[in-house]
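Chain order of the listed sequences is A and B. With numbering that gives the first Met the number 0 applied, the first sequence covers 0 to 165. With numbering that gives the first Met the number 0 applied, the second sequence covers 0 to 428.
Just so you know, not all the hints are guaranteed correct.
Ranges between beta-carbon positions, derived for each pair [stated by the list, open to error]:
| hint | chain 1 | residue 1 | chain 2 | residue 2 | range |
| --- | --- | --- | --- | --- | --- |
| 1 | B | Ala176 | A | Thr128 | 30 to 38 Å |
| 2 | B | Arg210 | A | Glu29 | 32 to 40 Å |
| 3 | B | Glu49 | A | Ala143 | 47 to 55 Å |
| 4 | B | Thr255 | A | Ala143 | 30 to 38 Å |
| 5 | B | Arg330 | A | Val109 | 25 to 33 Å |
| 6 | B | Gly351 | A | Glu160 | 58 to 66 Å |
| 7 | B | Arg15 | A | Pro106 | 18 to 26 Å |
Only pairs whose alpha carbons sit at most 25 Å apart, straight line, appear in this in silico DSS-like list of lysine-lysine [claimed, not checked]:
| hint | chain 1 | residue 1 | chain 2 | residue 2 |
| --- | --- | --- | --- | --- |
| 8 | A | Lys101 | A | Lys139 |
| 9 | A | Lys126 | A | Lys60 |
| 10 | B | Lys350 | A | Lys60 |
| 11 | A | Lys46 | A | Lys101 |
| 12 | B | Lys358 | B | Lys290 |
| 13 | A | Lys139 | B | Lys7 |
| 14 | B | Lys350 | B | Lys327 |
| 15 | B | Lys91 | B | Lys77 |
| 16 | B | Lys327 | B | Lys394 |
| 17 | A | Lys46 | B | Lys290 |
| 18 | A | Lys101 | A | Lys85 |
| 19 | A | Lys101 | A | Lys156 |
| 20 | A | Lys60 | B | Lys168 |
| 21 | B | Lys290 | A | Lys60 |
| 22 | A | Lys130 | A | Lys85 |
| 23 | A | Lys60 | A | Lys85 |
| 24 | A | Lys101 | A | Lys48 |
| 25 | B | Lys7 | B | Lys168 |
| 26 | A | Lys85 | B | Lys394 |
| 27 | A | Lys126 | A | Lys101 |
| 28 | A | Lys46 | B | Lys168 |
Interface residues of chain B toward chain A, partial, derived using beta-carbon atoms under 7 Å [what the hints assert, rightly or not]:
| hint | residue |
| --- | --- |
| 29 | Thr51 |
| 30 | Leu53 |
| 31 | Thr230 |
| 32 | Tyr252 |
| 33 | Lys350 |
| 34 | Leu372 |
| 35 | Gly373 |
| 36 | Lys394 |
| 37 | Arg396 |
These are calculated hints, taken from the structure and not from any lab test. Think of the CB as a built atom: it goes at the ideal place given N, C-alpha and C, for glycine as much as any other residue.
Residues per chain, in single letters:
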Amino acid sequence: MTQVIATLGDDVSTDVIYPGRYMATVLPSETPQYAFADDVPLNGRLKAKEIEPGSVIVAGKNFGCGSSREQACSCLKGYELTIVAKGFARIFLQNSINLGLKLVTVPDVVASEGDELEVTTDTAVNKTTGKSFAVVPLPKARQAIVDAGGLIAYTRKRVLEAAGKA
Amino acid sequence: MGMTVVEKILARATGRDALRAGDVVEPAVDLAMSHENAALVINQWNEVFEGTGLPPRLWDPSKIAIVFDHRVPAESSKTASNQKKVREFVAKHGITRFHDIRGDEGGICHQILPENGYVRPGSVVVGTDSHTTSHGALNAFAFGIGATEMASVWALGRVLNVEVPQTIKVVVDGRFAPSVGPKDLILHLVGLLTAEGANFRVIEFHGGTIRAMSTSGRLVLCNMSVEAGATSGVVPGDEETVRYLRHVAGIRYLFTLVTPDEDAVYEREIRIDASSLAPQVACPHTVDNVKPVDAVLGTRVHQIVVGSCTNGRLDDIEAAARILRGRKLARGTRMLVFPASARIFQEALDKGYVLDLMKAGAVVMNSGCGPCLGIHEGALGDGEVALSTTNRNFKGRMGNPNAEVYLCSPEVAAASALTGVISDPRKGA
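Bound conformation, chain B alone (with noise of 0.2 Å):
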């Protein structure tokens, strides 16, 4: 009996030849990646090696990453004490793979990641952040968890009683219509499967629309398939997976994809037709309340957030500074953008999209997570409506519960910046 795309990755983990779903597996880890909340998981690593004798020792620190992104720069004493006790244990340990609050290769996680080549297809990726399903775009078996399993990974290097998960294979074909992208597709799925028709198992992502995705786009689709509950997502590897790693990440080893065989054995199969999406709308307060545009335009919204480990890429920015181009924000609407590295604000500036940006009225911050989780920065008023393009709109997300969030793509974010209400980017704004 063939394997899917997973299956095929954890049985190589876990030096099998075959193995199927439910069956339950230690897989070595290949990438182990937190970020502020590394804090505790030196907390939690540190007590799994009290009262054992033996010195609190590390798996393998080159196998381990660790990106500041949540809270940079710090926004309290508390967060930038937390951060110069990280930096402590990443010197004295030697954690290369370690992206500090820097201007020449800081940035979100899940655009590091991809970005530096650490992601190797194939490979079992865990990181400390629920959006770690994002690695899945570059054919990896990549999953959050928390930060006691984090300490654990540390510790043996493997994942303990991992149940393989059972996929969902989604087949996607036809041509999305202008203005209409990846951040459609996935909330359209999302809203399709609800928020929890996913929980457990793999969304695995085929049809000639994914074949002819950019990486960028993948990498939101995989993002968001943790908002219909999914492990992970994952795209077989191919042609665009190799051009990349080769050719943006510049890595220079030899690697395998994975594909998976011609008689896997799926969960299901859901079908979709990319011809046929209009713009999305996820609604508050879940990411699977989710509307064509046309249901909510005209919603006055207050701030637009553009940016995120979802939609903060080249061609996010590029597609919102091509609409703000030589135009005005609506007076009353605040537009914040955060490229996803440091490395992407660095193109933007090249390629002039943060001067149309900031001579619309948006204000372009420091990469980093931002307003996305309602730690840091760009906090909501009571009563007030923010549109982003982050992945997640809970009560509260945005720092305040008597606030509305909806999410959306880069397109209908910026078309609705220039009117201050919810618009629809195919009608030129």
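Chain A with its partners taken away, still in its complex shape (with noise of 0.2 Å):
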């Protein structure tokens, strides 16, 4: 399923994603519980498991802004959700590289909750209204990890490089 569960503005930083006072917990099986927990029925329907794995989040500009704190990106990783915003934070978009949450760029994406947003590599075509936006490319250096099923396998193959084992 690719179904808009919910729209955000623009800015949301990872105090609201994942807040501060859940950063003890640090294990990416734990954090998903959290997920924008200050959002009670956002975080009440993730918890619910009311929402299908792919399902999208429709963010405006700067979406992660704020802290580097991983846990923003691992709790939303743990319900499988793609995030489509017009833009993101450079930490965040980094560490969801690193671990493998889905984000797609697409500066003039126009979707409500609810609707149906299909995204290919160099499209996102909102099947509700009918209309379809362009996706910015990740830079390739960034889809190389991506490639590599994420950072700790892309080190790993290095770490086995310098040692001769690959």
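Got two chains here, each in a separate frame; can you build the complex from them with the hints?
What follows is the structure in structure tokens.
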């Protein structure tokens, strides 16, 4: 499913995605329960598993600004969400690539909650409204990490190469 | 074609003669800093080696720094257990740049690194904290990364696939008016650029105002550069860099200052006249919602915070103490002061600032991040308003989404503590 489950504005900070008071929880397997903890309805829908993997959150500019806390990515990754935004803050973008959270930059995206949004390599198509929007591809350097399955796998390969084992 | 400060630093860190914005490089790391989130870094670092048949190995323990500051002393058994895990790791691997909860050498990572001389001009510094941008004040290329990225650095000693960022040149001239300073300048700049205006870019600070500014003030500018989205802020090396490193950090080794080439290429240039600035306030709930203090005068304030990696240094505490000396906080307003490091706390004790603050009614807490990010202490009640010298005011930041945070300089914070409402320090409260 590629249903839009929430639409958010510009500058959604990591304090909103994963409030600081839950930062003592670090393991990726334990963070999803606190995703959008202060947005009680959204947090509740996620925790109740009312949302199917592959569902989409649509946001404005500068999504993920603020803290470098990786929990803000792992908590969303836990629900296998796709984040479509007009733009992402640098550290959040890099953390998501490293952890395998799917982010798509679509500067002109228009979608409402409940719309079906299908994303391909170069286009995002809102199947409900019939409109399509251009996708800004990831810089090549970052795509290499995505293709390797995340930064841990990518680094592991480099460690093995350095040890003459690859 | 000439290079900017960060282009020069990255060229050195990659063994190249020249490079330019957009190139993809793997710079060698000179310093890798983590705080309590080292617990997650350890977890991810172990995972890197899983299934390889190789024992987990740190590339260079002498280049790793770990500083406990976000939750000190531990607020919960969970945090205490994570801190214990990190202590054991540090002991096992011989990491000597470890700053535990101590009254002699503890403090906030972004103060501990400079004051101990860990940051070298021209070096590449990464930290698992977004305010790692601070260390550009000492002429380094310093930027925040996530815990998994740090695990990769611990294994390889390099940051992988870094795109050389473009640089925005900010030129500041003129003298600050009384009661106006670096915090007002950076709030003004963040307001001007907006929260994403410098995303993926470096801000390089120039001009007479910057040359005349102490490292303490430069740290404020670089610290909050990330609030405009910047990868880093950086100040070209100069006499003040040398003074700080030699006389405050006490380092003896040789270093080379990095300055940009005259024909360096900048994405754009912004000029600011410091003498025209009034005290600035960032209003809820974004850091770029910046207004001159006049626009918010009289706003009722319940909690004043002076401290953090932005404004918890000796000159900040001095400014607050000077305003509060011999006076009393307004009833109904509480004030929490967090010196940025144990060393600063001790200096503030020596100079009598702590007594000035306490006699006025402020509470002086141990060095650490305190209430800044709503983890540890000093949470706000529903409907309450905080006025704080910290760096973020996002919804929920101080532990309560139904509260509001305004950001300001120590002068505005202290003047407002006396009245219980946002006040103008120029009016002598």
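Here is what the structure says about each hint:
no. : hint                            : in the structure
1   : Ala176/B x Thr128/A: 30 to 38 Å : violated (53 Å)
2   : Arg210/B x Glu29/A: 32 to 40 Å  : violated (49 Å)
3   : Glu49/B x Ala143/A: 47 to 55 Å  : violated (21 Å)
4   : Thr255/B x Ala143/A: 30 to 38 Å : holds (33 Å)
5   : Arg330/B x Val109/A: 25 to 33 Å : violated (51 Å)
6   : Gly351/B x Glu160/A: 58 to 66 Å : holds (59 Å)
7   : Arg15/B x Pro106/A: 18 to 26 Å  : violated (33 Å)
8   : Lys101/A x Lys139/A             : holds (16 Å)
9   : Lys126/A x Lys60/A              : holds (22 Å)
10  : Lys350/B x Lys60/A              : violated (46 Å)
11  : Lys46/A x Lys101/A              : holds (19 Å)
12  : Lys358/B x Lys290/B             : violated (32 Å)
13  : Lys139/A x Lys7/B               : holds (23 Å)
14  : Lys350/B x Lys327/B             : holds (20 Å)
15  : Lys91/B x Lys77/B               : holds (21 Å)
16  : Lys327/B x Lys394/B             : violated (30 Å)
17  : Lys46/A x Lys290/B              : violated (39 Å)
18  : Lys101/A x Lys85/A              : holds (14 Å)
19  : Lys101/A x Lys156/A             : holds (22 Å)
20  : Lys60/A x Lys168/B              : holds (23 Å)
21  : Lys290/B x Lys60/A              : holds (22 Å)
22  : Lys130/A x Lys85/A              : holds (16 Å)
23  : Lys60/A x Lys85/A               : holds (5 Å)
24  : Lys101/A x Lys48/A              : holds (19 Å)
25  : Lys7/B x Lys168/B               : holds (15 Å)
26  : Lys85/A x Lys394/B              : holds (21 Å)
27  : Lys126/A x Lys101/A             : holds (20 Å)
28  : Lys46/A x Lys168/B              : violated (46 Å)
29  : Thr51                           : holds (6 Å)
30  : Leu53                           : holds (6 Å)
31  : Thr230                          : holds (6 Å)
32  : Tyr252                          : violated (29 Å)
33  : Lys350                          : violated (32 Å)
34  : Leu372                          : holds (4 Å)
35  : Gly373                          : holds (4 Å)
36  : Lys394                          : holds (6 Å)
37  : Arg396                          : holds (5 Å)
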